[in-house]
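Q: Residues per chain are reported as follows:
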Amino acid sequence: MMRLTKVELRRLFSRRLTTVALLGALAVTGLMLFGAFTEAKPLSAPEQAAQQAQFDQAKKDWAVNGDQQIQSCLDAQAEQQKLDPKANFGCNQMEPNLANWGKPVAKFNQMMPNILLAGSYLLAFVAFLVGAGFVAAEFSSGSMANWLTFEPRRLRVYVSKLGAAGLGLIPVAVAVLGLLTAGSWLIVDHLASTAGTTAKVWGDLALMGGRAVALAVAAAMAGAAMGVLLRHTAAVLGIAVGYLVLVEGVFGQAFQGARPWLLQLNFNAWLQHGATYFAQTCKTDAQGNYNCQGVEKVLSFGHGSAYLGLLVVLTVGLAALVFRRRDVS
Amino acid sequence: MTTPAPRHLQPSPSTSELAISTRGLRKTYRNRKGRHVAVAGLDLDVPLGGVHGFLGPNGSGKTTTIRMLLGLIRADAGTMSIFDREVPQHLPEVVGRVGAIVESPKFFPAFSGRKNLQLLAEAIDCPRSIVDQVLEQSGLGGRGKDKYKTYSLGMKQRLAIAATLLKEPDLLIFDEPTNGLDPAGIREIRNTMRSLGEQGKTVLVSSHILDEVEQVADTVSIIGHGRLLASGRVADVIGDQTATSLRVGVADPVTAQRILTDGGLLVRLDGGLLVVEGFSDGAEITRRLAAHDLFVNELIPVRADLESVFLELTADEGLETAGAAR
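Each protein sequence line maps, in turn, to chains A and B. Numbering of the first sequence is given in our numbering, commencing with residue 132 and proceeding in unit increments. Numbering of the second sequence is given in our numbering, commencing with residue 227 and proceeding in unit increments.
So that you can see chain B by itself, here it is in the shape it has in the complex (with noise of 0.2 Å):
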């Protein structure tokens, strides 16, 4: 199989401008069952500020690089640094600029969330008001004194983005932040990550969500089977990848798909509504079907969302979609 270009949207930035870089990233797991290629030859570039969409099916590799850019586990090949300092062999030295969540929050289970807290700030040598402050900040000043282990799974999330914030972090790294959350907690996480983007920091936000990199991202990588698919701002991604189309409704809408056939535009009959493809210029259409006494009485463009788009990307490569639907 052939391993198709990724689609780079916009012009590389400079390493000094990246939060993240990797190049030739490699991770084949083995086991008795033989070997897993998790992520091959990822190269991967996150800028500095603002959300950065991490995109890609279930299993496509995002956590292992995620695990890989964190020294939980170890890459087989290629480079990745952070803040320009290459990891993992520099990452005690930045280690205090990054705050990450992995998959699922993992805290002492019998500690209070206060406690769990007070001996991560303590490893890193923070005062210790500031557990307090940060359990405030993410909503759990009152629960602070619980278990861990009774607390709901949007509570852990939100003591894990606590954690993060014990560190005052430039750059933050969350793994699939909203899974298993109710809809007010995957507002409140979403808030919370475009906040801190406002705030001029960085957040790396990797999904199998498109919708939830839609509405939170700034830019976005999209990975398939370990490799880079395409990269950019989101706008970008999918403009490039879909053209634009307008759906029209008009009193008679036979003539007028002739009419704008005979104009030269790619136009269908959906139910009572006309699809024009490829063509976004709405006040084209209007002038033309009104020169032959047709009035338009609904416009409505139809932007290419992400699930297009990667379904797009993916569809040379066979991959399990099944996971990225909504």
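One chain only, chain A, in its complex shape (with noise of 0.2 Å):
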């Protein structure tokens, strides 16, 4: 078995495919870290001598205008109270400060967060691309029926597949990721600001690193795994396209109340340890308004994994029994 993986994973870095993806990746991760230098690079001094001068004309207007402001807000405030007693909006919060003019000082702990999100979608798609190239294409060129006639226990062929499509994700993402953390530590600690990245923020930021890493093996197991499906690389994208653009865009924004069911949700709740997302809740008043809310809502790390996990066993089983039964030609 170890045998056959090792082959598998000669194969699937000599396809040019792979070397295709890993470089758009390696691109792709590239622009990435061109945002984060945008993000943490300070203003430059005209910038900063024209939000100081709409600073002090702020200033200066709120020291002619500023209590009837106050007042027109409360008034507000108070009209909307009489539909939602919680209601607040702020009015001790609208003298001018000059840290809302000025772009704020980019934080690394605040940021490696979403990059590592931002990550973490990229290598999933690359692998999961990868792992479905690398099966479909020895379906569509028939180099699977000449694989099989040196090594005819298909469940061994089967394993190594995707034991190196995961297997040989992993350096790739490890890689990309640590490119990413270390690039982006490199750009805010020359440009911005690292303080507050205590040991507890290297820790959380492992784990999500870590996470993300589980994830690309599963993407490229599960790429693979469709690719033993449909036998066909644009199949499986065409499938994946319009699961995304279909269920997670039109289904997903039609009915908010199902994305716990979907994947992006529970993608970032693996990710991030637990993900919020906004639901819509409607009811009619005693006064018989209807009156709809945005609620925020947790989705739990343990529904994430569930999901995934199941979502992973099940596509990878099914692949199994499809590809131990079917006939190769």
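Accuracy of the hints is not assured; some may be wrong.
Listed next, the in silico DMTMM-like pairs over lysine to aspartate or glutamate satisfying Cα-Cα at most 20 Å (straight line) [unchecked claim]:
| id | chain 1 | residue 1 | chain 2 | residue 2 |
| --- | --- | --- | --- | --- |
| 1 | A | Lys-234 | A | Asp-215 |
| 2 | B | Lys-341 | A | Glu-282 |
| 3 | B | Lys-259 | A | Asp-458 |
| 4 | A | Lys-234 | A | Glu-282 |
Partner residues aside, some chain A positions facing chain B, computed with beta carbon under 8 Å [claimed, not checked]:
| id | residue |
| --- | --- |
| 5 | Thr-280 |
| 6 | Arg-284 |
| 7 | Arg-455 |
| 8 | Asp-458 |
What the hints contain is simulated information worked out from the structure, not anything from laboratory work. Backbone N, C-alpha and C define an ideal beta-carbon position, used for all residues, glycine too.
Hints are included, so try docking the two chains, each in its own frame, into the full complex.
A: Following this line, the structure appears as structure tokens:
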């Protein structure tokens, strides 16, 4: 089994699609670091001067009209509180503050989870694509039949292919996430602030990175399993894009209550150790008014883990059954 | 339709003398248009050693049978064995002794010929040095570094043969190995098959080209509609099906026809020659005509070929034999 997996790993990294996908991932990683640079970069001296001038002007306006603006705000708040007693318009925070004018100083411990999240999406896509192409190409080229005349034990062949897809993506995922983390640290440390990056923050980031690597492995295996089921890379990608557009996009927006059962939110819940989302709650009050409110809800880490785990197990299991029984031409 | 019993023209060998044996093998394909019986209770015996032709028209079930033997598709019923081991259950035990090319060669197109073979060699734990050896053997030594997709059909076929040789197999299965090859490539493949057979290996070559089987095979099994029609030594199968005849040239064919017909032979005129049907003793013809001062100037024994055998065997089956025409 190990021998077969090693052969498959060699084949995986000899494939052009793998090379192209990895170069693509590297390019997108570079773009993400450029995004971090843009976010961390402080304002230039002319930009700061312009901001200061605007702030000074706002202070002057406040000195003249501030009381009136506060009163208007309080009136509007009182009106809203008739419908919603908890309504708070923040009328006591209206005075201009220089911190609100300038660009806030970027902090590594706040930026990095978002960068890791974006990196995880990238890795999951690349892993899925590489895994699907790796196996589907064998069916579409017909070389699977040739391979089986050398090793007819199908379950071994299947496990070696999925194993190679998953194992092969581990160093790639570690490298991409390491590059993102190191690059972001250097950028933010040079241009903004890394203060507050405590051992706990590093621990949380490491755990998130570990979950991102596990997700990439799962995506590669799921992609390979889909390659077995559909036998064409284009068909796998078509299904994946169709799902993202129709189910996650259209259906997910139309029926927000269904989002806990869609992939993306569970993806976030797994990576971020729980995820929040907004769902509309509508009801008719005592006066007969129909009101809708966005309510923040939490999808637990356990839900995300179970959902993704079950999805991968079902896909991989179904593909194994099909591959064991299907005629290979 | 009744199923005619296949004609076995030699005693049935014991199983230990067989490289391949199938009994009652069946495979039915189902699609939207309905069911198609590809193999309908095939009993096939391939003796150990030598070249065995597996002959039948296109669509007669040859490739399906080979795929079932190699575990690529599942049989609906029946049993199969290779080297006395039942397959596909025990295929892993014997697959190291079996090299196969099923239909056209299929490798990873973006990899070089050498890379393709290296991957296969590693999969079966062969030393990598054997790769260059089999590339040389199959005449691809100089093109091993080139991508497979740049190979001509002949080179692809040679690479496939090289792949089968990685295992140093005792049984080689070639499915329509000369399809699409030029005359030089065809001759090369035939020589390779003969040479392997002469080395004591068992070669099963499936073909719809009668001439090919006739040239390379020692024994033959003929199938049609997924059933065995005849099997045995090539010469016996031909001899059993169509009696040989003689074409005779004499100065006065009309008189000669009368003399031979009076002697109880079936004789017809074909142009300026006589055709004596069902009789192969040229010396007797010469003696009878010479007794009447008619001297033979041409005497050609006419041997039945596999094409006529096949047409005769399948005449009752209503099979499409166009594919068998050369």
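Q: Which earlier hints can't be squared with this structure?
A: Numbers 1, 4 and 7, in rising order.
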